[in-house]
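With the hints as constraints, model all of the structure from the sequences given.
Number of protein chains: 2
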Amino acid sequence: MKKYNVAILGATGAVGQEMLKVLGERNFPYGELKLLASKRSAGEEVEFQGKKFVIEEATENSFENINVVLCAAENYISEALSPAAVKAGAVVIDNSSAFRLNDDVPLVVPEVNPEDVKNHKGIIANPNCSTIIALTALNELNKYAKINRMVVSTFQAVSGAGVNGIKELDQQISDINSGKTVEIKTFAHQIAYNVIPQIGDFDEMGYSQEEMKMQNEGRKIFHNPDLKVNCTCVRVPVYRSHSESITIETEKEITPEKARELLANADGVKLVDDPASKKYPMPLDTSNQDLIYVGRVRKDISQDNSLVLWCCGDQVRKGAATNAVQIAEVLVKENLI
Amino acid sequence: MKKYNVAILGATGAVGQEMLKVLGERNFPYGELKLLASKRSAGEEVEFQGKKFVIEEATENSFENINVVLCAAENYISEALSPAAVKAGAVVIDNSSAFRLNDDVPLVVPEVNPEDVKNHKGIIANPNCSTIIALTALNELNKYAKINRMVVSTFQAVSGAGVNGIKELDQQISDINSGKTVEIKTFAHQIAYNVIPQIGDFDEMGYSQEEMKMQNEGRKIFHNPDLKVNCTCVRVPVYRSHSESITIETEKEITPEKARELLANADGVKLVDDPASKKYPMPLDTSNQDLIYVGRVRKDISQDNSLVLWCCGDQVRKGAATNAVQIAEVLVKENLI
Numbered sequence: 001m002k003k004y005n006v007a008i009l010g011a012t013g014a015v016g017q018e019m020l021k022v023l024g025e026r027n028f029p030y031g032e033l034k035l036l037a038s039k040r041s042a043g044e045e046v047e048f049q050g051k052k053f054v055i056e057e058a059t060e061n062s063f064e065n066i067n068v069v070l071c072a073a074e075n076y077i078s079e080a081l082s083p084a085a086v087k088a089g090a091v092v093i094d095n096s097s098a099f100r101l102n103d104d105v106p107l108v109v110p111e112v113n114p115e116d117v118k119n120h121k122g123i124i125a126n127p128n129c130s131t132i133i134a135l136t137a138l139n140e141l142n143k144y145a146k147i148n149r150m151v152v153s154t155f156q157a158v159s160g161a162g163v164n165g166i167k168e169l170d171q172q173i174s175d176i177n178s179g180k181t182v183e184i185k186t187f188a189h190q191i192a193y194n195v196i197p198q199i200g201d202f203d204e205m206g207y208s209q210e211e212m213k214m215q216n217e218g219r220k221i222f223h224n225p226d227l228k229v230n231c232t233c234v235r236v237p238v239y240r241s242h243s244e245s246i247t248i249e250t251e252k253e254i255t256p257e258k259a260r261e262l263l264a265n266a267d268g269v270k271l272v273d274d275p276a277s278k279k280y281p282m283p284l285d286t287s288n289q290d291l292i293y294v295g296r297v298r299k300d301i302s303q304d305n306s307l308v309l310w311c312c313g314d315q316v317r318k319g320a321a322t323n324a325v326q327i328a329e330v331l332v333k334e335n336l337i
Numbered sequence: 001m002k003k004y005n006v007a008i009l010g011a012t013g014a015v016g017q018e019m020l021k022v023l024g025e026r027n028f029p030y031g032e033l034k035l036l037a038s039k040r041s042a043g044e045e046v047e048f049q050g051k052k053f054v055i056e057e058a059t060e061n062s063f064e065n066i067n068v069v070l071c072a073a074e075n076y077i078s079e080a081l082s083p084a085a086v087k088a089g090a091v092v093i094d095n096s097s098a099f100r101l102n103d104d105v106p107l108v109v110p111e112v113n114p115e116d117v118k119n120h121k122g123i124i125a126n127p128n129c130s131t132i133i134a135l136t137a138l139n140e141l142n143k144y145a146k147i148n149r150m151v152v153s154t155f156q157a158v159s160g161a162g163v164n165g166i167k168e169l170d171q172q173i174s175d176i177n178s179g180k181t182v183e184i185k186t187f188a189h190q191i192a193y194n195v196i197p198q199i200g201d202f203d204e205m206g207y208s209q210e211e212m213k214m215q216n217e218g219r220k221i222f223h224n225p226d227l228k229v230n231c232t233c234v235r236v237p238v239y240r241s242h243s244e245s246i247t248i249e250t251e252k253e254i255t256p257e258k259a260r261e262l263l264a265n266a267d268g269v270k271l272v273d274d275p276a277s278k279k280y281p282m283p284l285d286t287s288n289q290d291l292i293y294v295g296r297v298r299k300d301i302s303q304d305n306s307l308v309l310w311c312c313g314d315q316v317r318k319g320a321a322t323n324a325v326q327i328a329e330v331l332v333k334e335n336l337i
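Protein sequence lines, in the order shown, are assigned to chains G and F. Anchor point for the first sequence: position 210 equals 210 in UniProt numbering, and the numbering is continuous, going up by one each time. Anchor point for the second sequence: position 6 equals 6 in UniProt numbering, and the numbering is continuous, going up by one each time.
In short, the hints are calculated from the structure, not lab data. A couple of the hints might just be wrong.
Listed next, the stretches of chain G that the computed footprint assigns to chain F, with coverage defined by at least 3 CB atoms under 8 Å from CB atoms of chain F [claimed, not checked]:
| id | stretch |
| --- | --- |
| 1 | 121 to 130 |
| 2 | 182 to 191 |
| 3 | 205 to 215 |
| 4 | 315 to 325 |
These numbers come from a predicted model, not from an experiment. All residues carry an ideal CB built from backbone N, CA and C; glycine is no exception.
Dropping the structure here:
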């Protein structure tokens with residue numbers, strides 16, 4: 001079996017660590033494995049599948065002989081190093097938002113638009129976590145009846161801010177319960193026992209970056225430049241799974257029964273929709289795995305050709321690490337590396 | 001100054017206790033004050049404004065000489081006792097949902113439809129908490145341009161389930177952090193570090209009772225039988241303030257600037273809308289007071305004549321106790337008791 005040399009750029013972060021775990025779980029045929037991070041982390045040892053790996057400092061010269069770079073670094077690092085990786089002959093699967101909307105960069109959810117990887121020029125972008133979760137949930141519905149408009153409210157986990165987000169929730173709850181002063185570092189405000197309607201900075205219309213990603217990235221992934229999305233993104237005191245309350249308007253009616261049938265057979269989706277028995281997706285039940293759970297499917301009683309649903313998915317896994325590894329798998333399957 | 005004899009029915013619950021507090025804070029001109037609860041609580045002593053009150057068992061004979069009953073009891077208790085209170089000559093302001101949709105029972109948010117109290121036949125209903133919060137926020141917008149449709153996702157505090165809801169969140173967080181097994185009693189699932197898309201039971205279409213209240217009660221309070229609402233109600237691990245993500249469609253355009261002007265001058269509303277400075281309503285900042293905070297006001301980029309906003313309000317106060325006391329104040333002002 002052919003092996004591929006893999007580098008993880010940003011290997012010490014929450015997503016980077018999960019990428020390593022997912023590569024192992026899914027038996028990705030890796031040969032050489034390079035764990036790259038900032039100078040600060042260089043020299044640290046990581047054990048993976050019984051072997052010890054030493055974290056190396058990521059530089060422009062880190063990518064010789066590498067076939068695939070899984071990039072879990074911030075935008076400015078991806079911008080600085082991804083071109084060098086491409087020049088060295090690697091394909092970069094980039095979880096940052098740096099290149100997502102570039103015309104020559106495919107933006108891929110493997111369940112939705114795997115064929116787009118073929119058009120890559122060296123970089124393939126991994127979409128935003130809430131976008132991946134929503135679009136995986138909606139894909140079969142969109143194929144059956146084109147989605148023209150979405151109204152979305154998100155309930156996003158603290159893991160979206162990485163390891164520090166999780167630590168901050170824990171620290172704040174511990175400080176509150178022991179009567180100490182709450183420190184705010186990672187989020188704009190206290191997240192313990194609170195919800196914060198801000199993820200990213202705001203544009204002049206009043207939408208946050210995270211809110212605009214759903215429309216901008218959704219249009220590209222669904223190949224529907226006319227898709228209209230009004231999104232409100234909210235951080236909630238939950239560890240890892242994002243939840244989304246979604247209303248879709250479709251070009252023809254999808255009955256709830258038809259929607260459930262489509263969702264029950266959709267790739268990457270698990271239908272959990274028996275509210276009378278208190279069964280619906282929740283963050284707690286959907287963490288640490290890869291499926292997007294969908295439930296609360298019902299007719300929108302406020303207009304025709306419109307459905308309401310609720311979905312949850314692990315932000316670190318399908319929302320980031322797993323989706324990136326799945327893209328690498330498509331590259332392997334299609335002989336594109 | 002004329003005094004009014006007041007009874008609080010369900011005086012030991014979260015809302016009943018808050019009603020007592022609010023009566024004091026707002027200097028309601030009470031004469032006799034009767035605190036009624038179940039047999040179990042009868043005999044307990046409560047201190048209020050320097051006097052001791054003994055909780056009495058609520059029976060059909062509890063309402064002699066009472067002018068106003070503030071009912072914070074469950075539906076079946078209100079159904080059993082409110083008619084007796086009315087027969088004894090009292091006006092019942094009922095926080096349960098038992099009579100809300102009855103034609104001869106006004107359903108009142110004093111900032112929105114105070115004139116409706118005049119039509120009472122003994123019972124005036126206090127609306128559902130999320131409905132009060134949304135409609136107080138939307139009232140001036142609805143007056144300026146009729147709201148035809150609303151899409152709402154709620155982020156509801158555990159206080160909506162009373163004292164037990166608050167205790168359950170605390171107990172679960174404490175148990176989790178000390179490695180104990182989590183007990184689930186009040187909510188359908190663990191609420192700590194989770195969100196639950198269920199408040200109340202579900203109808204055959206898949207909407208929960210709480211979700212349908214927004215449309216059914218909204219129509220009655222706004223005097224708009226054609227109002228269409230698609231609502232998703234979600235419990236979040238927050239103590240007291242509900243948050244709501246709301247999209248409204250109006251019969252003519254309301255620009256965000258106009259909306260902010262209307263909201264800045266709206267009764268019962270505080271506009272907090274400076275997202276660039278990280279200022280927007282949040283549960284933590286809006287608890288233990290009576291105003292509904294509104295922010296994140298923006299044009300709906302997905303359709304015309306449509307606005308998006310975010311509001312928060314204390315569920316126990318404006319969502320229940322304060323609104324009931326405000327109704328009593330309208331009765332006094334209009335000489336209706």
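Results of checking the hints against the structure:
1. 121 to 130: violated (count 0)
2. 182 to 191: With 3 residues in contact (Cβ-Cβ under 8 Å with chain F), the coverage given for the stretch 182 to 191 of chain G holds.
3. 205 to 215: Since three or more residues must qualify, the claim that chain F covers the stretch 205 to 215 of chain G holds, with 5 doing so at under 8 Å.
4. 315 to 325: violated (count 0)
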